[in-house]
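Participant: Here are the chains, one letter per residue:
2 protein chains.
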Amino acid sequence: MTAQQFDFETVKKLTTGAIPFAERAGIELLEFDRGHVKMKIPLEGNQNHVGTMYAGALFTLAEIPGGALFISAFDMSKYFPIVAEMNIKYLKPATTDITVEANLSEQEIQRISEEAQANGKAVFVLNLELKDANGEVVAVTSGNYQARSRQRK
Amino acid sequence: MTAQQFDFETVKKLTTGAIPFAERAGIELLEFDRGHVKMKIPLEGNQNHVGTMYAGALFTLAEIPGGALFISAFDMSKYFPIVAEMNIKYLKPATTDITVEANLSEQEIQRISEEAQANGKAVFVLNLELKDANGEVVAVTSGNYQARSRQRK
Numbered sequence: 008m009t010a011q012q013f014d015f016e017t018v019k020k021l022t023t024g025a026i027p028f029a030e031r032a033g034i035e036l037l038e039f040d041r042g043h044v045k046m047k048i049p050l051e052g053n054q055n056h057v058g059t060m061y062a063g064a065l066f067t068l069a070e071i072p073g074g075a076l077f078i079s080a081f082d083m084s085k086y087f088p089i090v091a092e093m094n095i096k097y098l099k100p101a102t103t104d105i106t107v108e109a110n111l112s113e114q115e116i117q118r119i120s121e122e123a124q125a126n127g128k129a130v131f132v133l134n135l136e137l138k139d140a141n142g143e144v145v146a147v148t149s150g151n152y153q154a155r156s157r158q159r160k
Numbered sequence: 008m009t010a011q012q013f014d015f016e017t018v019k020k021l022t023t024g025a026i027p028f029a030e031r032a033g034i035e036l037l038e039f040d041r042g043h044v045k046m047k048i049p050l051e052g053n054q055n056h057v058g059t060m061y062a063g064a065l066f067t068l069a070e071i072p073g074g075a076l077f078i079s080a081f082d083m084s085k086y087f088p089i090v091a092e093m094n095i096k097y098l099k100p101a102t103t104d105i106t107v108e109a110n111l112s113e114q115e116i117q118r119i120s121e122e123a124q125a126n127g128k129a130v131f132v133l134n135l136e137l138k139d140a141n142g143e144v145v146a147v148t149s150g151n152y153q154a155r156s157r158q159r160k
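Line by line, the protein sequences are chains A and B.
Each residue of the first sequence is one higher than the one before, starting from 8 at the first, in this note's numbering.
Each residue of the second sequence is one higher than the one before, starting from 8 at the first, in this note's numbering.
Hints were generated in silico from the structure; no laboratory data involved.
Predicted, not measured: the structure shown is a model, and the values here were computed from it.
Treat each hint with caution, since some may be false.
Which copy is meant is left open, so a pair is good if it fits within one copy or across any two.
Stated by the list, open to error - Computed cross-link-like contacts, DSSO-like style, restricted to lysine-lysine with a CA-CA straight-line distance of at most 27 angstroms: (1) K19 with K138; (2) K85 with K99; (3) K45 with K138; (4) K128 with K20; (5) K45 with K96; (6) K128 with K47; (7) K99 with K128; (8) K96 with K85; (9) K138 with K85; (10) K99 with K20; (11) K99 with K138; (12) K138 with K96.
For reference, chain A alone in the conformation it holds in the complex:
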């Protein structure tokens, strides 16, 4: 199983562009390589009642990379990702634009591919850190995703 190749603009359309909820929040794809994505959300437009970034905006920034990472590494004609569970801990108020990086190692990509091929699905976990413009971690998340085969087993 090999990853499909997309240009950067196509990937943008497939990630935030396919989800108006994320697009309205201004979530932006900054980096995209096989097994690696980096995304950003602006503070502007996403503030809460006290002017820091709203909790749901931070959650969304952390959730979106799962799909983008999936596109980077798997054949989307055969498999699709779903999120089964997610946990977010808020560590400090977010007062700047926030970024997040997510990675899947080649070994992990291989494992997921083999399991999904054999069982029709495979679980993968992403533990992410959301960082402000000074590199401070404002929130940490743990997401359980599944790679699912389009041909049900």
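Following the hints, put chain B in place on chain A, whose structure we already have.
Facilitator: Below, chain B without anything else, positioned relative to chain A:
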């Protein structure tokens, strides 16, 4: 400590209206009483790449009631709520508008009030069910909130 009294329109402005992120998603306050809120999010405009409700939209519907419930029961001139941690489990695809109800008993309101007054803060947990138009639970959440005193101890 007694709850401030607001009319329904003022409460709407204080909850979704104060958070553009939630307002853009069309989250709506349906019911508001002391210790009870009910909120709704429309499917329209909040779909993901496969046409069901996007994970971040469901999260946001579950997060917002914590603040609304707080307004219903506590003196906002003395205390304010923050969310410290939240977990969401996605049980089935959401294919309709989704609603959520959140409640705090008088006993729990009393406990939170006393603790916040004594210690400057008090933790409260909300375990919520997100339901579709047929009453099916599409996701469950557990949120850890804090009531914090505006006068730091």
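Participant: Hints first: check each against the structure and report whether it holds.
Facilitator: To see whether the hints hold, each was checked on the structure:
no.: 1; hint: K19 with K138; in the structure: within (21 angstroms within a copy, 31 angstroms between copies)
no.: 2; hint: K85 with K99; in the structure: between (40 angstroms within a copy, 21 angstroms between copies)
no.: 3; hint: K45 with K138; in the structure: within (11 angstroms within a copy, 33 angstroms between copies)
no.: 4; hint: K128 with K20; in the structure: within (25 angstroms within a copy, 44 angstroms between copies)
no.: 5; hint: K45 with K96; in the structure: both (20 angstroms within a copy, 25 angstroms between copies)
no.: 6; hint: K128 with K47; in the structure: neither (29 angstroms within a copy, 32 angstroms between copies)
no.: 7; hint: K99 with K128; in the structure: between (36 angstroms within a copy, 16 angstroms between copies)
no.: 8; hint: K96 with K85; in the structure: between (34 angstroms within a copy, 25 angstroms between copies)
no.: 9; hint: K138 with K85; in the structure: neither (33 angstroms within a copy, 31 angstroms between copies)
no.: 10; hint: K99 with K20; in the structure: between (31 angstroms within a copy, 25 angstroms between copies)
no.: 11; hint: K99 with K138; in the structure: within (10 angstroms within a copy, 31 angstroms between copies)
no.: 12; hint: K138 with K96; in the structure: both (13 angstroms within a copy, 24 angstroms between copies)
Comparing the model with each earlier hint shows violations of hints 6 and 9; every other hint is respected.
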